[in-house]
Each structure stands twice: as structure tokens, then as C-alpha cells.
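Participant: Here are the chains, one letter per residue:
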Amino acid sequence: METINLENLFEAKLAKNEMIEPKDWMPENYRKHLIRQISQHAHSEIVGMLPEGNWITRAPSLRSKIVLLAKVQDEGGHGLYLYTAAESLGISRDQMLSDLHTGKAKYSSIFNYPTLTWADVAAIGWLVDGAAIMNQVMLQRSSYGPYSRAMVRICKEESFHQRQGYEAMTTMAFGSAEQKQMAQDALNRFWFPTLMMFGPPDSESPNSDNAVKWKIKRETNDELRQRFVNQTMPQIEYLGLVIPTDSNIVWNEQKQTYDFSEPNWVEFKQVISGNGPCNKERLKARNEAHKNGEWVREAATAYAKRQKETDLAA
Amino acid sequence: MSDSQGPLWEVFVQKKSGQPFVHCGNLHAFDKEMALQNARDLYTRRMEGMALWVVLSEHIVASSPEDQGSFFEPANDKIFRHPTFYQVPDIIKHM
Numbered sequence: 072m073e074t075i076n077l078e079n080l081f082e083a084k085l086a087k088n089e090m091i092e093p094k095d096w097m098p099e100n101y102r103k104h105l106i107r108q109i110s111q112h113a114h115s116e117i118v119g120m121l122p123e124g125n126w127i128t129r130a131p132s133l134r135s136k137i138v139l140l141a142k143v144q145d146e147g148g149h150g151l152y153l154y155t156a157a158e159s160l161g162i163s164r165d166q167m168l169s170d171l172h173t174g175k176a177k178y179s180s181i182f183n184y185p186t187l188t189w190a191d192v193a194a195i196g197w198l199v200d201g202a203a204i205m206n207q208v209m210l211q212r213s214s215y216g217p218y219s220r221a222m223v224r225i226c227k228e229e230s231f232h233q234r235q236g237y238e239a240m241t242t243m244a245f246g247s248a249e250q251k252q253m254a255q256d257a258l259n260r261f262w263f264p265t266l267m268m269f270g271p272p273d274s275e276s277p278n279s280d281n282a283v284k285w286k287i288k289r290e291t292n293d294e295l296r297q298r299f300v301n302q303t304m305p306q307i308e309y310l311g312l313v314i315p316t317d318s319n320i321v322w323n324e325q326k327q328t329y330d331f332s333e334p335n336w337v338e339f340k341q342v343i344s345g346n347g348p349c350n351k352e353r354l355k356a357r358n359e360a361h362k363n364g365e366w367v368r369e370a371a372t373a374y375a376k377r378q379k380e381t382d383l384a385a
Numbered sequence: 581m582s583d584s585q586g587p588l589w590e591v592f593v594q595k596k597s598g599q600p601f602v603h604c605g606n607l608h609a610f611d612k613e614m615a616l617q618n619a620r621d622l623y624t625r626r627m628e629g630m631a632l633w634v635v636l637s638e639h640i641v642a643s644s645p646e647d648q649g650s651f652f653e654p655a656n657d658k659i660f661r662h663p664t665f666y667q668v669p670d671i672i673k674h675m
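Residue numbers (this note's numbering), protein chains in the order written: chain D, 72 to 385; chain L, 581 to 675.
Just chain D, same shape as in the assembly (with noise of 0.2 Å):
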């Protein structure tokens, strides 16, 4: 009997741009990155909500509530596209939410940064909604099945986000003289950490190479960071904004891009190591959620367990 290779069978799927889906065999390094970077994509999302969520009740009007309402409820159902993704490896939802929940997880380290003017809920939806459609762009083609058709959904659901955010941007820069400066300190204080966002050089990153040589990932840390600052600048000149704290962020005529400072990768390890300003906070929120959602896991459990038995006993 001829003996097939499961591994070459694998690497010509991949060479052919052919997708894997749960059930194909995969080798047990591709199944553990995908499972790590599945389920904190899925966390960034759920943690996400936290921050923006803090403003729903101080929105300044009501369409700007039901616009962030709307939002933060995308976010959450993401986060569930994401964690079946994930469990379609093999990784059950209540292990991935315990691992979020004792911290053995990470999720983005954006999210780790207070929200504290309303100009900052504009820059998140801006930036960091931005930065992250662009990554999510590329992973559309990602070579997972579950993940890449997870990605295509919500890559349609989230180019409202980063418009919502230009647009109450907007609004600000071009309002009063107050308006235009938490306008400009909202941006001060996001633009780094949104460029962190793609994560650590190309140079240092540790699970970069498998990731583009297993077509999970189509593109580099670096190649999408800067597409992200050509992309954003004009944006920002529109505005009639300046980045202060980048003093080398200019136009290369000769490269066709745009030359910018690397973000301090000594505050980015900080706080992905937990370190960050608001890394407890997030952590005892997602805790106390958890915590206070007990009874009606319990709840619902009881009452499917006893629907079950009378489905038997009919």
C-alpha cells in the first residue's frame, strides 16, 4: 500500500493557496500558533469593548451613543466568530476564557491604555480600528478556512468603525480651539501605541517566520506598520494635526513612503508583560463579568440538562 506523506500532502495545499480546513491533518506547530494567535485576536476583541464601552453612557450625543453602542456590540461578536474559529483546533471556549482570565493570555497590548477624553474614543475608532482592519485585511487570505472566513465577515462589519472614529475626529480638530486640542492630545497619546499594534520588528518578532511560511500570516510586522503610516499621514494633515512626538516622521521622496521613529519597545514588552496602565483594570473587569455571569451558566446548564431528560422521557 502506498504510504501518503501527510506532511508533503499539507505543504502542497499551502504551495497551491489551498485552504486547511478543521478536519485536514496539520502539523501540531501550526495547530499551537494558530490556537495563540486565534484566541488573542478573539481576546483583544472582548477586552476591546472595555475601553470604548466606558463612554457609552457619556457620549455627547445620542447618535454618538448609538453609533458606539453599535460598534461595541460588533466588537463582542467578533470575539465569538473568533473563539469558534479557535475551537474548531481543538481548544474548548471556557480553557481559552480562563486562560484569559488568569492572565496566561495576552491580548493587544492597545487596549492596556486609558480612554480619557471623548477625543480618545474618536482616536481609538481612527487609529487603532484602522490599524487593525489593515492586519485583518491581510489575514482574509490567511491560510486557515475558519479563520480567514471569520476574518472576511468581519472586515465587512468593521469599515464602519474606523470611519465613525475619522468622522468625531473630525468633528473636534474642526471645532473650537479646546476641541482641536484633545483632538491633538488624543493623538499624541495613541499614535505610538497603535503602532505597536503590528508588533515587535521583524528583526525580534518570534513567531513571525513560521506565520508567513505557513501562509497564516501574508505580511510582515513591518511591511504593514508602514503601510499604516503612509495611509494614516494624509489623514492627519487633514486634520490639521502633527504628531509632536515623532520628530523624524517625514515624506521620502526617494523611497515613496514615509520615514518614521520605531515605537519604545521597552514600554511595549512592559506592557504586554502586564505592566501596562491599565492591564489590572481590564483583567478584574473581564474577571468580575465572568464571575457575575455564574449564575446564568449555571442556570442554563440546569435547564438544558432537564430538557434533555424530558426529551427522553417523551
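Calculated from the structure, these hints are not laboratory results. Note that the Cβ used here is the ideal one computed from N, Cα and C, for glycine as well. Do not take every clue at face value.
[To be verified] Sample of chain L residues facing chain D (criterion: CB under 7 Å; computed from the structure): (1) S584; (2) Q585; (3) N606; (4) F610; (5) D611; (6) L622; (7) P645.
[What the hints assert, rightly or not] Calculated pairs, DSS-like style, for lysine-lysine (alpha carbon to alpha carbon, straight line, at most 27 Å): (8) K362/D to K612/L; (9) K658/L to K84/D; (10) K94/D to K612/L.
Using the hints, position chain L against chain D.
Facilitator: Frame of chain D, contents of chain L only:
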């Protein structure tokens, strides 16, 4: 680790009446009613559909990737099942 999420359900959405139901994703729920409501909240917030099916994932029977070749092999060499296999004189315009 115990499972506190309820079973997994697959969700199918029909965009408009007359069109096929298309798989769009999955979710956890404890019973049929909750599955349907969750599916509405998760997959049709932007009028993506006018009708929904939810079905327990464990009830789906799927072909296996290893058998793909042999399983679909019978259809592989039957080009006479396609209209383009047949010659029709040029003079016949509509067929």
C-alpha cells in the same frame, strides 16, 4: 475542564426569499430558541438575511478530507453530463 457554554450550532442564512440557505458560521446555545435568537443577533445585525436555520453541529455528517479523491472520483470522467460536450449546428441559434 467542564463545558459551560452549551453545545455548538451551525448557522445558515437565506439572504432573500427564493435563494439557497448558506452556511455563515456557528455559535453556542443551550436550546433551539436560544440558538435562533443568538444567530439573529450575531449574524443578521445588518439585514444579511430574511430567514435562518440553526442545526446542532453534531448532527452534521461530513465527507472526510482523506477520502476526497476516491469519494468524488465517479464524477471525474463524465464530461457527457455537461452541455458543452455536445455539438449543435451553428445555424441553430437558441438551444
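Participant: So which of those numbered hints doesn't the model satisfy?
Facilitator: none
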